[in-house]
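For the record, the sequence lines run as chains A and B. What the first sequence shows, in our numbering, is residues 1 to 330, in sequence order. What the second sequence shows, in our numbering, is residues 1001 to 1330, in sequence order.
Bear in mind the hints are in silico, worked out from the structure with no lab data behind them. These numbers were taken from a predicted model, which means no experiment stands behind them. Treat the hints with care, as some may be off.
[Stated by the list, open to error] Calculated lysine-lysine pairs in the DSS-like style (CA-CA distance at most 30 Å, straight line):
1. A:LYS55 <-> B:LYS1317
2. B:LYS1317 <-> A:LYS322
3. A:LYS303 <-> B:LYS1308
4. B:LYS1277 <-> A:LYS317
5. B:LYS1308 <-> A:LYS59
6. B:LYS1317 <-> B:LYS1171
7. B:LYS1308 <-> A:LYS282
Number of protein chains: 2
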Amino acid sequence: MDSTFRRTGNIHLQDLIDGLLSGNRAFLSKAITLVESKRSDDKKLSAELIDQILKPTNKSFRIGITGVPGVGKSTFIEAFGKMLTAIGKKVAVLSVDPSSNRTKGSILGDKTRMDELSKDPNAFIRPSASGSSLGGVAHNTREAILLCEAAGFDVIIIETVGVGQSETLVKDMVDYFLLLMLAGGGDELQGIKRGIMEMADHILINKADRDNLKAAKRAREDYKNAVHLFPPNEAAWEVPVGLCSAIEKTGVKETWGEIEKFLSQTKSNGWFDENRKRQALKWFHERIQARLEDHFYSKPEIKQEIKKREELISSQKLSVRKAVDELFKD
Amino acid sequence: MDSTFRRTGNIHLQDLIDGLLSGNRAFLSKAITLVESKRSDDKKLSAELIDQILKPTNKSFRIGITGVPGVGKSTFIEAFGKMLTAIGKKVAVLSVDPSSNRTKGSILGDKTRMDELSKDPNAFIRPSASGSSLGGVAHNTREAILLCEAAGFDVIIIETVGVGQSETLVKDMVDYFLLLMLAGGGDELQGIKRGIMEMADHILINKADRDNLKAAKRAREDYKNAVHLFPPNEAAWEVPVGLCSAIEKTGVKETWGEIEKFLSQTKSNGWFDENRKRQALKWFHERIQARLEDHFYSKPEIKQEIKKREELISSQKLSVRKAVDELFKD
Chain A
1 MDSTFRRTGN IHLQDLIDGL LSGNRAFLSK AITLVESKRS DDKKLSAELI DQILKPTNKS
61 FRIGITGVPG VGKSTFIEAF GKMLTAIGKK VAVLSVDPSS NRTKGSILGD KTRMDELSKD
121 PNAFIRPSAS GSSLGGVAHN TREAILLCEA AGFDVIIIET VGVGQSETLV KDMVDYFLLL
181 MLAGGGDELQ GIKRGIMEMA DHILINKADR DNLKAAKRAR EDYKNAVHLF PPNEAAWEVP
241 VGLCSAIEKT GVKETWGEIE KFLSQTKSNG WFDENRKRQA LKWFHERIQA RLEDHFYSKP
301 EIKQEIKKRE ELISSQKLSV RKAVDELFKD
Chain B
1001 MDSTFRRTGN IHLQDLIDGL LSGNRAFLSK AITLVESKRS DDKKLSAELI DQILKPTNKS
1061 FRIGITGVPG VGKSTFIEAF GKMLTAIGKK VAVLSVDPSS NRTKGSILGD KTRMDELSKD
1121 PNAFIRPSAS GSSLGGVAHN TREAILLCEA AGFDVIIIET VGVGQSETLV KDMVDYFLLL
1181 MLAGGGDELQ GIKRGIMEMA DHILINKADR DNLKAAKRAR EDYKNAVHLF PPNEAAWEVP
1241 VGLCSAIEKT GVKETWGEIE KFLSQTKSNG WFDENRKRQA LKWFHERIQA RLEDHFYSKP
1301 EIKQEIKKRE ELISSQKLSV RKAVDELFKD
């Protein structure tokens, strides 16, 4: 049967592709749901879909935004997104949520948290992909990015929480990584994982308003000094430390100004393309690895064999060498 | 044939084990060489060796030391090691050198750089393990640590260069990670990789002597402020920022004092054992992964199949999904 006549849920694949390429958000949603599906017939369709929309346009810009819960991510993304649609950009917001695998469900990408933006015809908000592993979630998010780009979105925002391993995954799929912080430097930082600060292309101190402004300005100086002690990043980019108030809508335009500077600098020094290429190849080898592991760990009885050995290794009764040898001898 | 009569090069396995357990350095060297061997008969002997010396003693302490070339690592390790042997400790120095796979050979663990320590009967210095990959080097170093511990060494120092991916590997095999820095904060830092500063359990500014002392003191204050901005580490340990002069031998004892504080704190709050257990389990799964990849990537023709697809992915002519599907369909 010709692929154009295969059905994806209620619609034909070709209709889905046409709808997606026309920028229709409902079709975009359907397409993302399709590529997230674990059903084997959906997987075949997804491969065709992804392959047909893969056009090297590279006109989009991918921004990762992280920060602990309470830092004001959704308020910031709403203000930032509205500012972008006002200057004619189409904005998609995706998220990688390390907690979405657990029972408590997704805490990110909730449309109700971005009320105005979700009603904007030039914005698209999608809650965190599900997946049996964080790697699976990351893979689904990467494909969702491609679909958003095919649908004509210019700025893709990937939101995550700075508490797990999700930042490294997000860093690997974006062009720019923005860290939202609060003034105080003490308790508020407890939740941020070590290493994230040095990953950031931009540190933005949110809630720099009212009684908080003075503390925020002091924090900005502190972070500026700290950033100077960091080794230079690969993009040869000097990490800006800014202030903003998502509520008072200050600092939002300035943030975009810095990002545009980054874009023009890294497009001309070649880092932008180089980084995208590296990310794609890393993704490729990660998927090879994931496929190998899926195959191995899904073998019957292997879980029990591994668990038994984990206990012996933990109590120093078995060496890693012997444990692995035992698992791989037939 | 009974295992005690199998020959390892010139000696019997049981003799090797006895010599190793008696603390003989020549036997320790032979044992490390054996476990690094890629010959399949040596691998069998190694498995027996490792299994027989695996006694849960946990009396040793593993310290990772990193810093860019020129920071004075070997001079520091010599002064630090001599101080430790003077207070009755047995000290082993191993190294993980990201460059040792390339033609230029090992730049670390060179005995001539640690002249006094190499002559000390209570010290053992071993150049970087060889290996076809950094993961392989790390694996060999982990087994060398076990052998050094079986031979009665109390403090195992793992030296590495803060320029590659080797620090994460070393961080995963030590109890304590010490970063050597220089005053200046500018050019000298160019080589240190981002993220390493936040990995450190201790920042030590070396060459804090003579004309350099004032700048070193200023750098200490800067780093202290920066460290306060970092999120707390998992060990609940407040990272000390110290000064030392390996040449004038100042700050060396104080460094050990801080390490003893860390030891007593993390042994009582449970972090020490928890961390070792986690490291061992991570090692186990890394080896499973390595074995899966070795098997896959060593298949004939697979290299070419991968290279072809890498080029298509780079030029956005092939999706990652399809590339992986193609590789895994029979």
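Now the hints, each set against the structure:
Pair hint LYS55 of chain A plus LYS1317 of chain B holds up; C-alpha atoms about 8 Å apart against a cutoff of 30 Å. Of the pairs offered as hints, the one joining LYS1317 of chain B and LYS322 of chain A is violated, with about 44 Å between alpha carbons and a cut-off of 30 Å exceeded. For the suggested pair LYS303 of chain A and LYS1308 of chain B, the alpha carbons sit about 35 Å apart, so the restraint of at most 30 Å is broken. Note on LYS1277 of chain B and LYS317 of chain A: the hinted pairing holds, with a Cα-Cα distance of about 12 Å set against a maximum of 30 Å.
Simply put, LYS1308 of chain B and LYS59 of chain A have alpha-carbon atoms about 26 Å apart, close enough for the 30 Å limit, and the pair holds. The suggested pairing of LYS1317 of chain B with LYS1171 of chain B is violated, with an alpha-carbon distance near 39 Å, which exceeds 30 Å. Taking the CA atoms of LYS1308 of chain B and LYS282 of chain A, the gap is near 15 Å; set against the 30 Å cutoff, the hint holds.
In summary, the structure is inconsistent with hints 2, 3, 6 from the numbered list given earlier, while agreeing with the others.
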